[in-house]
Structure formats: C-alpha cells, structure tokens
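K.L.:
In case you want the letters, here they are:
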Amino acid sequence: MLTINNLKVGIGNKQILKGLDLTVNTGEVHAIMGPNGSGKSTLANVLAGRDNYEVMSGTVEYDGRDLFELAPEERAREGIFLAFQYPVEIPGVNNIYLLKAALNGIRKHQGKGALDAVEFLQVVREKMKLVKMDESLLNRSVNEGFSGGEKKRNEIFQMAVLDPRLAILDETDSGLDIDALKTVAEGVNSLRNESRSIVLVTHYQRLLNYIVPDYVHVLSDGKIIRSGSRELAVELEEKGYDWVRQEARAA
Amino acid sequence: MSEAAVSHYLAEYEQFRDTLTAPWFAQPRAAALDFLRTNGFPSRRTEQWKYTDVTPITRKKFTVGRSAPAAVDDAFVDSLRFSRLDCHELVFINGSFSAALSRNEPLPEGVAVQPLQSVKPDDALLLDSCFVDGEIKNAFSALNTAFVNDGVLIHVPDNTEVAIPIHIIYISGQADATLMSNPRNLVALGRNAGASVIESFAGIPDTEYLTNNHTAILGRAGSRLDYYSIQQESQRAYHIGNTRIRQQADSRVDCHTLSLGGKLARSDIDVELDEPGAEVKLNGLYLTNNRQHVDNHTLVEHKQPHTTSHEHFRGVMNGHSRAVFNGKVIVHEQAQKTEAHQSNANLLLSGNAEVDTKPELEIYADDVKCSHGATVGQLDENMLFYLRSRGVDEHTARSLLTYAFAEEIIRDIRFPEIRERLEHSIAGELPDTDLIEEFVK
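From first to last, the protein sequence lines stand for chains D and G.
Okay, so the first sequence: first residue is 1 according to our numbering, each after it adds one.
Okay, so the second sequence: first residue is 252 according to our numbering, each after it adds one.
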C-alpha cells in the first residue's frame with residue numbers, strides 16, 4: 001500500500017529525513033518510534049502533504065501512485081488520513097459541517113452518492129460511541145476550546161467517520177491521561193481491519209500496550225535504524241534509545 | 252478644492268433654505284454654516300483624516316434632491332426588509348420619508364418613533380433630550396446640521412421595552428443627479444428602557460451619491476440598546492456616518508456596524524460613558540474590494556469609575572482596496588476600575604490591498620484593566636492544511652476560513668433573522684463563497 005524509498009526531506013537548510021525506507025502492506029499496523037527530533041512528525045506531515053517541507057530525493061508510492069503528485073486534499077480523498085499531533089483550532093468552522101463535507105467529498109471521489117442529513121447523523125452517532133465523544137462537541141467550532149483529550153478523540157472520531165485506507169497517527173498518545181489513552185486506543189483498535197493500514201508515530205511505547213503493532217521501527221536522525229516485532233518496543237522501553245543507537249553505530 | 256466645495260454648499264443652502272421644514276434647527280444651522288465657512292473640509296494634514304482623502308467627495312458638488320424621489324422598485328425595498336422578522340419600519344428615499352413604503356407595528360404606549368419632519372418644534376421630547384446636538388465635529392457634521400431635513404426620532408419612556416426592532420431604511424441614488432442626503436437619527440432611551448434599532452443604508456445599483464448620516468444615541472440609567480448600522484451603499488457612493496453615543500449609569504449599548512458597500516466610506520463612532528456602570532460593546536466588520544476605501548474611527552471615553560468597553564473590529568481587504576482603523580480609548584483620571592478592551596484584526600486577501608490600523612490608549616487612572624491589539628495577516632497555513640488534509644480543496648478551504656474570520660463579528664447577534672441576513676450579505680462580498688454553502692448551513 002505504501003512504499004517509501006530512500007526519502008530525504010529538509011526544512012529550510014536543515015535536512016531531517018536522511019534516506020528513509022519503509023514498506024507498509026494492506027492491513028498492517030506499524031509503529032514508528034524515536035526520540036524527539038528524529039523526524040517522526042516530519043514523516044507524518046510529508047505523507048499527508050504539508051508543503052513547508054522540501055522533498056530532496058526519494059520516492060513514496062501509495063497504491064502504486066506517486067504520492068507527491070497528489071495535493072493534500074487529493075490524498076485525503078484517496079484514503080489517507082493524518083491524525084494531528086496538535087489538532088488545529090478553527091474558530092467559526094463547525095465541526096460537524098466540516099465532517100459532512102469531508103465525508104461527502106470522499107464519497108463523491110469514490111463514485112458514491114452523498115449521504116443525506118439523516119444518513120450522515122446515523123454514521124456520526126455510531127462512530128461517536130467508539131471514542132465516547134460528547135455530542136455537544138459536534139456543533140462547536142473545530143477543536144475550539146476542546147481539552148487536549150477531546151482534541152485527540154475528535155481526530156480518531158474523524159478517522160472513524162472518514163474510513164481511511166491508510167491512517168497515520170502522529171503522537172496521538174501525547175498529552176493523554178491513562179483513561180483517555182485507553183479510550184482512544186480502543187477506538188483505534190475497533191478500526192483495525194484487513195483492508196486498513198495504520199502507521200502509529202510515537203515517542204513512548206505506552207500506546208503500544210493498548211494498540212499492538214505488527215511491526216516496530218526505530219527512527220533516529222532521519223533514518224530507520226532498526227525494525228522488529230512489538231518486542232522491540234518493550235526492549236526500547238527498558239534500555240532506552242541510546243541502546244539501539246549504539247547498536248546501529250556498531251553495526 | 253475645499254473652498255470651491257464650501258462655496259458650492261453655501262450656495263446650495265441658499266436655494267434649499269426655503270424648503271426646510273424643521274425650523275427648530277435654525278440656530279444650529281447658522282452655526283454649522285459658519286463652521287463650514289471658517290474651517291472648510293478636512294485635508295490629509297488633519298490627523299483625523301490622515302489616511303482618508305476626501306477630495307473625491309469635495310470635488311463632486313452634491314445637491315439636495317429638489318424633485319420628488321423617483322419610484323423605487325418594490326422588490327428592491329423588500330430585499331432590505333427582514334422578511335421573517337416583524338419590524339417597525341421607516342423607509343426613506345434620498346433622505347425623504349416615504350409613508351407608503353414604511354410599515355407600522357404596534358408600539359408600547361408612550362413610545363415615539365417618527366420622522367423628524369413630523370416632530371413639532373415645541374415638542375418637549377426633542378428639547379428635553381438634548382437632541383439638537385450642537386457640537387460640530389467636522390465639515391461633514393456641519394454639512395449634516397446645515398442640511399438636515401429628515402430622519403427619525405425614537406423616544407422610549409422609562410421602564411418601557413420595545414420588543415420588536417425598529418428598522419430605518421435609507422435608500423439613495425438617482426440616475427440623473429448626484430444627490431446628497433443628510434439624515435439625522437435621534438435615539439433616546441429612558442431609565443430602564445430597552446430597544447433594538449437597525450439602520451440600513453442601501454443604494455440603487457450604479458448610482459453616485461453622498462449619504463452623510465448623523466445618529467445621536469442617549470441611554471439613560473439602566474437602559475439597554477441593541478444598535479445595528481448596516482452600510483451597503485452602491486459601489487459608486489460615498490458614505491459618511493457619525494454616531495454619537497452617550498450613556499448614563501448601568502446602561503448598556505451593543506453597537507454593531509457593518510461596512511460592506513460604498514466607494515469611500517468613513518464612519519466615526521464616539522462613545523461617552525458618563526456614569527458608573529455604563530457598558531458599551533462595539534463590534535465592527537468591514538469588507539472591501541476593488542478600489543474601495545473604508546475608514547473606521549472610534550473614540551470611547553471612560554469618564555466615570557466602573558465603566559466597561561469591549562471593542563472588536565475586523566476587516567477583510569481584497570483587490571486594490573484600502574481600510575483604515577483608528578480606535579482611541581480615553582480613561583479619565585476619575586474613571587478607576589475601568590475595563591477597556593479593544594482589538595482589530597485584518598485579513599489581506601490581495602497583495603495590493605492595504606490597511607492602516609492604529610490603537611490609541613490614553614489612560615489617566617491607575618486602577619484599570621485595559622488591553623488592545625491589532626493584527627494584519629493572511630490566512631493561517633496550519634488551518635488551511637488541516638482542512639485540506641480532510642479532503643477540502645484549497646479554494647474552498649480559503650473561502651471557508653475567510654468567511655469564518657468575518658462571521659465571528661456577528662456571531663453573537665441575538666436576532667437570528669438579523670444574523671442570517673448579515674451572514675448572507677457577508678457571503679455575498681467574499682470570494683468563492685458559493686463553494687462553502689454546505690459548511691455554513
């Protein structure tokens with residue numbers, strides 16, 4: 001589904017990703033772990049199409065297509081979803097109207113008809129339960145005045161409604177207390193299926209206790225320096241990132 | 252240029268004076284003409300007019316309409332009414348009251364809402380309420396005082412609430428003349444009285460004229476006024492608006508001004524919080540395009556302790572348009588425990604648009620809470636990316652964020668019908684809003 005080859009990305013004069021390779025097959029859940037500044041969020045944002053990064057070389061194929069030929073909105077309609085590390089507050093733009101427009105835009109792109117108000121509300125009610133979202137948040141402006149936990153829940157709620165084929169979760173666990181983390185994780189788990197791929201970007205392995213990945217990759221200084229199963233995450237937790245960095249240097 | 256304009260208006264006055272039907276204005280008129288003769292029109296050397304050149308107005312030599320106003324298309328008038336909101340409506344065509352187009356709703360006993368022309372010279376209401384605002388601020392208020400011939404007197408007695416809004420509609424413009432109108436509206440609320448007053452200014456499309464309005468508001472102790480000024484003049488028109496608000500103890504005025512039309516528009520709002528507990532909210536929105544020029548000057552004077560002002564103006568500038576915002580707040584020495592907040596945010600949609608914004612705070616008391624801020628910018632890139640990452644295309648996302656930025660100013664309007672109408676008007680002035688229908692309703 002997603003094939004990243006020797007990707008090099010910079011911002012300003014600073015190179016952040018320095019030759020990253022990653023393959024994600026349909027239905028797999030991959031965790032990308034790494035210390036601060038390793039390039040995790042850059043990877044997530046480049047995949048979603050944020051344009052203040054410069055792609056210096058390398059390729060990203062999504063479903064056999066060159067991802068960089070697609071605008072952010074086209075990527076979304078093709079089934080890519082980014083759950084933001086810091087969801088943006090957008091005063092004056094209604095949460096539910098945005099979601100309806102987004103969903104119907106995606107459906108139209110897929111050749112499906114738009115949902116009417118009743119059908120849409122049915123979908124919304126059902127998905128809200130997944131992340132225990134308070135209904136009062138629906139009619140507010142996007143993320144405006146939401147608590148940290150509510151913002152993250154809203155991201156996963158949007159993911160549930162938009163039903164993406166590739167979901168990238170950027171530090172979805174950060175800033176969540178343990179109860180909120182469990183709720184969000186349960187929501188994500190309920191969205192796991194064989195046709196959806198998920199990339200979890202996280203600093204801590206805590207999240208991986210609740211969302212168990214198929215593969216774990218360690219990103220350090222712009223490259224994946226080690227890949228393994230979920231045991232790698234546990235080992236990282238015990239030994240720290242320095243351990244894997246030293247091993248990589250020794251190798 | 253200014254001298255020629257002054258001579259023109261003095262001559263125009265000589266021709267016009269016999270038709271005047273508001274004789275109680277004789278004294279102020281004479282003073283106003285003197286002012287005009289002595290001071291002329293402001294130039295850009297005058298600090299208050301530094302960014303707004305009135306030469307386009309002074310060289311036009313507007314005249315008072317002498318013939319009966321041309322008939323106005325009913326549909327046009329209806330488009331200015333609030334179809335789903337009962338209002339007491341007074342309609343003026345080129346400054347003259349039209350009984351035929353106006354609509355009366357029943358008003359509580361003792362409430363006066365009437366065209367100025369029908370106010371009798373010895374009317375106690377008029378004299379009692381310092382309605383004849385003798386203070387001449389500049390050439391335009393002088394012009395208004397010299398030529399005022401109609402307008403609306405609103406008087407709400409003590410402890411009386413007018414539930415339905417009072418809507419004053421000024422329609423201007425005539426194809427074969429460059430007319431001016433100088434309406435004057437006088438709003439006086441008694442103690443603990445309440446009312447909602449809307450002024451709509453609209454023009455026959457493509458006509459050139461000057462509307463030089465003056466509105467004086469007096470809120471007595473404990474009164475509450477919702478006041479709206481909606482300026483949608485023709486794209487070739489000139490609009491000058493002077494609003495003076497004076498408030499007594501524990502009174503509250505919520506003032507909403509929308510500046511959408513006109514080629515050159517200048518609005519001055521002067522507020523005096525004269526007694527403790529007086530509170531004013533000033534919300535303003537200006538949307539400009541092409542070569543429009545819109546200037547908003549506000550002055551809030553906190554004269555006594557425990558007075559509050561909240562001022563929030565926003566502008567969206569496109570094309571080669573230009574906007575000016577000047578917000579002055581004076582907290583007088585004795586006005587302790589004043590709370591004064593001001594903000595002005597501007598969104599530039601075009602590299603050729605321009606805005607000059609200037610907050611001015613003069614604080615002579617030491618126990619006050621005051622804040623001010625002015626911003627000028629483009630759309631937020633993070634918001635844009637967020638929307639696009641949800642599948643919203645870039646054009647739609649830009650339109651949506653622009654609309655949301657503007658709409659925030661009117662979000663708290665308490666009549667849904669007024670709010671919806673204004674939302675519609677705003678959408679009509681901003682780019683690509685046809686793309687965002689499903690987001691806004």
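Quick caveat, the hints were computed from the structure, so don't treat them as lab data.
Just so you know, these numbers come straight off a predicted model, no measurement behind them.
Hints may contain errors.
Taking CB as the label site, the calculated pair distances span [stated by the list, open to error]:
#1 G:S601 to D:G148: 49 to 55 Å
#2 G:G624 to D:N189: 40 to 46 Å
#3 G:I614 to D:P35: 45 to 51 Å
Heads up, incomplete: computed chain G residues facing chain D, CB under 7 Å, no partners named [claimed, not checked]:
#4 F267
#5 I581
#6 N633
#7 M634
#8 R641
#9 H646
#10 E688
A virtual CB, placed ideally from N, CA and C, is assigned to each residue, including glycine.
K.L.:
Evaluate each hint against the coordinates.
P.N.:
Here is how each hint holds up against the structure:
One distance hint, 49 to 55 Å for the beta-carbon pair G:S601 and D:G148, is violated here, with the actual separation near 37 Å. Take G:G624 and D:N189: their Cβ atoms lie about 45 Å apart, and the range 40 to 46 Å holds. Roughly 50 Å separates the CB atoms of G:I614 and D:P35, a value that falls within the hinted 45 to 51 Å. A cut of 7 Å between beta carbons decides the hint on G:F267: the least distance to chain D is about 47 Å, and the hint is violated.
The interface hint given for G:I581 is violated, since its Cβ lies 31 Å from the closest Cβ of chain D, which is over the 7 Å cut-off. Of the supplied interface hints, the one on G:N633 holds, with its beta-carbon coming within about 5 Å of a beta-carbon of chain D, less than 7 Å. Checking G:M634 against chain D: minimum C-beta separation of about 5 Å stays under 7 Å; hint holds. For the restraint placing G:R641 at the interface with chain D, the shortest Cβ-Cβ distance is roughly 4 Å, inside the 7 Å limit, so the hint holds.
Nearest Cβ of chain D to the Cβ of G:H646: about 10 Å, over the 7 Å cut. The hint is violated. Taken as an interface hint, G:E688 does not check out: its beta carbon lies about 10 Å from the nearest beta carbon of chain D, beyond 7 Å.
The structure does not agree with the numbered hints 1, 4, 5, 9 and 10 stated previously, though it agrees with the rest.
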